[in-house]
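Please build the complex by placing chain A on the supplied structure of chain G, with the hints as guidance.
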Amino acid sequence: MSAIFKREWKAYFTTPIGYVFLAVFTAVSGVVFALSTYMADSASISNAFTLMVAAYVLLIPILTMKVFSDELRGKTDQLLLTAPVSLIGVVFSKFLAALCMYMLAVALSMINFLFLVLNGYTVQKGIVAGLFISMVLIGMACIAIGIFISSLTESQLVAALITMAVLAVLLFVDMFNDAIPFAWLRVVLSWFAINSRYGMLTGGRFDFTAIIYYISIAGSFLLLTVRVFEKKRWH
Amino acid sequence: MINIEHLVKYYGKIRAVNDISFQIGEGEIVGFLGPNGAGKSTVMNILCGYLSCTSGKAEINGVDILENPIEAKKQIGFLPELPPLYPEMTVNEYLNFIYELKDVTLKRKEHLEEICRVTAIAHVRDRLIRNLSKGYKQRVGIAQALIGNPPVLIFDEPTVGLDPKQIVEVRNLIKSLGGRHTVILSTHILPEVQAVCDRIIIINKGVIVANEKTEEISKAVTDNSRLTVKICGSEKAVLSALKGLNGVVRAEVVGRQDADSITYIVESSAGIDLRKPLFNLMAAEHFPIIGMEAKGLNLEDVFISAVDEEEERFSKKKRKDKTREKEMGGR
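Note that the protein sequences, when read in sequence, are chains G and A. Going by our numbering, the first residue of the first sequence is number 1, and it counts up by one from there. Going by our numbering, the first residue of the second sequence is number 1, and it counts up by one from there.
In isolation and in its complexed conformation, chain A is listed as follows:
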């Protein structure tokens, strides 16, 4: 459905997107993650035809966005970071304008009614857009992207600035669009990607640092190899017992909330679940466990480690290049 090959984009001398390639299948919901300035919005804007790439290829449903922009744009519904709304129009006037702008051939009345029902804006159709709340403006923005039933939907940070209730509503709405549409959404909110997306693409400094199925990342998130345990007893004795347990690779104190108990972090080799043997050992040693939690990695950790790994690889490469240059200079 979406095919990106060796995409490069320069802003003057700055390389914002550096040789990115990925494919997205029909009906998939893909989350774009990355720190500010990573190149997420640039990739989205290139896909929508708002920006042109310096080199590479971007195809939607087999149509190249540069070779046949009008045909490619017909396949896309785009919600930019700031919903593109005309405040002096009513919701109804605005949706009719978009319907005509996109030259849609579906039955106007039924189609617009359906979209208003899906986005839950039917009751505000006669209101001026300027008088709507941020949440409703966002919904109208999503509604305009849905007009014409485009097979691809691109949402740039769709939940920014919404209250928690609105965030959940918009998230559910996006999730319900998967299957019927291919959806790309960019966000900073990591649990949002986990809740909504089938796949996660992490971008940093214009390069893809991770492209994984959400389940793979969820496995890391729910990993039982890191435990936080609150145990009563002498610190020295407990620590030595913990370190003696089969499979433990790290055990250390992380906090002392009260006089009686100490909180430890215990890490095991990958794939070993320490919860039962740990309980049995502490019971045998008469050190009561008063709290235990599988810590795992959170999405922030996955995100940061992916970004850090890439940065380390980049600086290593830079160091290597410098050394090689020095050697060549020496010769």
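In isolation and in its complexed conformation, chain G is listed as follows:
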């Protein structure tokens, strides 16, 4: 399992994807942070966070589009699936590598707070920690969704576009949910409204329902990815 994690992690840096992701993530987070805090003369980071999560629609597919589609295109999935490793191990190692890459980007974006402090604003440690944890949890759910989609196609481009579309629906669903005339559909869609829960975490307190919600979403999509490969084996 560690072999797959190590290879994936290295591959982010031997191909341009890792660098592109880090550069775009840091640039977007910097701009979003600057626009909504010291340029707006405010130390409130909730606007910055909302905008940043919206940008995940474009950022997460960069990270996940190649995870399995590249293996399917190069037929290297045959190597992984015939190696003495469990299918869950293969999927989880790849997920972990993508998550670590994402966490590195989030950690780099935390530098933005330094500029806020340098400009004389007071930043509460609890809020920063809550923000970091929220970003990791939302990212975890989005990455699992992206990995699942990349297991369905050989084309990185198709994987990226579908991930963008799915994340756009899940991240913006609560914006148009009120306009839906059917109550049951509103309820169902609200379960999948990923960004409707992070408010509970960014307030500087731990809300276990939100934590379990994000971990469940990630776990479900990783299990679905395992199912995709199991189904291929049986059909």
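To be clear, the hints were calculated from the coordinates, so they are not data collected in a lab. Please note: incorrect hints may appear among the correct ones.
Stated by the list, open to error - Not everything, but these chain A residues come out facing chain G in the computed CB check (under 10 Å):
{"id": "1", "residue": "S55"}
{"id": "2", "residue": "L82"}
{"id": "3", "residue": "P83"}
{"id": "4", "residue": "L85"}
{"id": "5", "residue": "N92"}
{"id": "6", "residue": "E93"}
{"id": "7", "residue": "N96"}
{"id": "8", "residue": "I98"}
{"id": "9", "residue": "I154"}
{"id": "10", "residue": "E157"}
Since this is a predicted model, take the numbers as computed values, not measurements. Glycine residues also receive a C-beta, built at the ideal position from the N, C-alpha and C atoms.
Below, chain A without anything else, positioned relative to chain G:
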């Protein structure tokens, strides 16, 4: 070493493998032959755990691939039709990755050096896989299958796309692996099977149509009961002399290359070597023989006849079933 019992595989409603059973002993090199879509790759993929069978059993060294896949996969080195390589890695990085992936306990440095020596890739270890030629990529593919010294090696069309020199090199490499490993290889190149394998299994439409030792097939190939003879003299007289020869079952003209000589094909009953009596007869009749070649059957003939026989048996069975159905309907 390998035990396959009543293996069946459906792709949706299509039956790709239909009740296949065979055993392969330790150290044997077995060739899998069959036309495209015959089910060769499906059987190989089931053996490696890449696909699951609909019913039946596949065991490697007594370990069932479905019941204990991880333990069974430890016994196998697999080279798929397209070598599973990561082009952005160097050969060395790739081999180290496979070593860790397979969780090998042998001494890393010595083991990898040995494999690089056997597959002759030591001098390209620091090169990126994307920059290697097709032949070297294939060798790296074989090298990854050898890592961990698995007792069973499965190669799916290992010489496809290689140049003639590379084909001979890869063939020799595979041959050298026999004895130490049990090897299954699938190929379309019939002389390759003859050159490398101890046994040949021919598959068509998901069924085994022949499972013979290579020597048995070679006997058919080197059979002297079919001769191509180039003889000078009148066609009518030569043909009547040929047909009068003891043991001849068929004699006919196959070509007329020049005005002076005619090429005939002469077939005798099985086991009768016609070369000497034919020479003596033509000498006595003053018809000079200017060329003679034992035609025998080639592997293509063996392959096609095995496949045809099975198809004929299948269509006969189908006709019989239809007639029976009609009779039952009539009643």
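Consistency of the hints with the structure:
Of the supplied interface hints, the one on S55 of chain A is violated, with its beta-carbon coming no nearer than about 12 Å to a beta-carbon of chain G, more than 10 Å. The beta carbon of L82 of chain A is positioned within 10 Å of a beta carbon in chain G (closest approach about 5 Å), and the interface hint is therefore held. For P83 of chain A, the shortest C-beta to C-beta distance to chain G is roughly 8 Å, which falls under 10 Å, so the interface hint holds. Residue-level restraint check for L85 of chain A holds (minimum Cβ-Cβ distance to chain G is 7 Å; threshold 10 Å).
The interface hint given for N92 of chain A is violated, since its Cβ lies 13 Å from the closest Cβ of chain G, which is over the 10 Å cut-off. Interface restraint check: E93 of chain A against chain G, minimum CB-CB distance 8 Å, threshold 10 Å, status holds. Below 10 Å, beta-carbon pairs count as interface contacts, and N96 of chain A has one with chain G at about 9 Å; its hint therefore holds. Using the Cβ-Cβ criterion of 10 Å, the hint placing I98 of chain A at the interface with chain G is satisfied: the shortest such distance is roughly 8 Å.
Taking 10 Å as the C-beta contact cut-off toward chain G, the hint placing I154 of chain A at the interface holds, the least distance being around 9 Å. Hint status for E157 of chain A relative to chain G: violated, with the closest Cβ pair at about 13 Å, above 10 Å.
In terms of the numbered hints stated before, the structure departs from hints 1, 5, 10, listed from lowest to highest.
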